[in-house]
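Visitor: Residue numbers (the working numbering): 1030 to 1334.
Just so you know, these hints were derived from the structure itself, not from any lab. Fair warning: this is a prediction, and the values are worked out from it, not measured in the lab. C-beta: ideal position from N, C-alpha, C; glycine also. Treat the hints loosely; a few may be bogus.
Only pairs whose alpha carbons sit at most 20 Å apart, straight line, appear in this in silico PhoX-like list of lysine-lysine [to be verified]:
1) K1285 with K1086
2) K1333 with K1205
3) K1206 with K1086
4) K1309 with K1328
5) K1333 with K1279
6) K1206 with K1054
Computed spacing ranges between beta-carbons, pair by pair [unchecked claim]:
7) N1071 with R1190: 33 to 41 Å
8) N1071 with P1241: 49 to 57 Å
9) G1324 with A1240: 21 to 29 Å
10) G1324 with K1247: 16 to 24 Å
11) R1318 with E1295: 33 to 41 Å
12) A1313 with K1206: 35 to 43 Å
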Amino acid sequence: MASDSKNTLHLSASTLNEQLAQSQKIIESRIAQILSGQVQNNQLEDALRYGALEGGKRLRPFLILATTQLFTDDISPALDTAVALELIHCSSLIHDDLPAMDDDDLRRGQPTCHIKFDEATAILVGDAFLSLAFEIMSGDEKLPTATRLKLIHALTVASGRYGMIGGQMDDIEGEKKSLTLDEIISLQQKKTGALFEYACQAGAIIAGATAPELAALKNYAEHFGLAFQITDDILDVTGTEAEVGKRLNKDEQAGKETFVSLIGLEAAQQAASDSINAAKQQLAIFGDRANMLKGLVEKLNNRKS
């Protein structure tokens, strides 16, 4: 996990699966450390730990650490930004699962937060993760103030009305009307893609990437996010609840358009493959340094969850 100094950090495992596991351990350890002793209310503390630490692939923080490692051997300056992004993601899942939104009772193979506790607690936990994310980032003294401000501003945009929250609103409104393929792509670029794009940009910003390098990672993230969402829609009709960890066929039951419902399963599989290949092409500027990112997007071809 660590490199030469106890104060530096590096994803040193030899295979992608090992690197993902290593990153997950690093992220979850830091989250647990941050949440330890944060609040005096036992219900809230239990719910915070449940919402952040019970399952999850930690894919978005991995992208931050992996993109940082493109430029430097020490990824420790990116750790708290990666944790903050994961907490934003956890917040979105908790709120999305509420009865007023997607009304789900299963997430990451576990009862959703409002089922495990209650709706009021789930709302407060989601809100707490949002504020905690920016508390962590604003107090991250490993980064210069100007870098912190740039990262915080970018995350507010990615998670707010122009990004994740705006995409969720589009998704809710999509239940009331038929959407075109272009509208589905636009919706998902906000709801799902915005945080992936932020993840790839944040690591590069922290490491001081050049404008062409930032552009390449932005394009990679756009194709990665699209491939991720298409494979998510494919899993909704081909996967099992035990593997996926959530209820399936919810979009069909709610009358929502998906990539599969619009273009069919075979065409959706081809579209996912095309997006994966396009994502890899964006990384040419980095050569073999980007093998971790290439392997990650290739892994979407065989998603089970």
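Visitor: Decide, hint by hint, whether the structure agrees.
Guide: Hint-by-hint comparison with the structure:
1. About 26 Å separates the Cα atoms of K1285 and K1086, which puts this hinted pair outside 20 Å; it is violated.
2. Restraint check: the Cα-Cα separation between K1333 and K1205 comes to about 30 Å, which exceeds 20 Å; the hinted pair is violated.
3. Straight-line distance between C-alpha atoms of K1206 and K1086 comes to about 33 Å, which puts the hinted pair past the 20 Å bound.
4. Taken as a hint, the K1309 and K1328 pair is honoured in the structure, with Cα atoms around 12 Å apart against an allowance of 20 Å.
5. Annotation: proposed proximity of K1333 to K1279 holds, straight-line Cα distance about 17 Å (limit 20 Å).
6. A distance of roughly 42 Å separates the Cα atoms of K1206 and K1054; the hinted pair therefore is violated under the 20 Å criterion.
7. Between N1071 and R1190 the beta carbons are some 35 Å apart, a value that agrees with the proposed interval 33 to 41 Å.
8. The hinted window of 49 to 57 Å between N1071 and P1241 holds, with their beta carbons roughly 51 Å apart.
9. Between G1324 and A1240 the CB atoms are about 26 Å apart, so this pair conforms to the stated range of 21 to 29 Å.
10. In this structure, G1324 and K1247 meet the distance hint of 16 to 24 Å, their C-beta atoms being roughly 20 Å apart.
11. Between R1318 and E1295 the CB atoms are about 35 Å apart, so this pair conforms to the stated range of 33 to 41 Å.
12. Checked against the hint of 35 to 43 Å, the pair A1313 and K1206 passes, with Cβ atoms roughly 40 Å apart.
The earlier numbered hints that this structure contradicts are 1, 2, 3 and 6.
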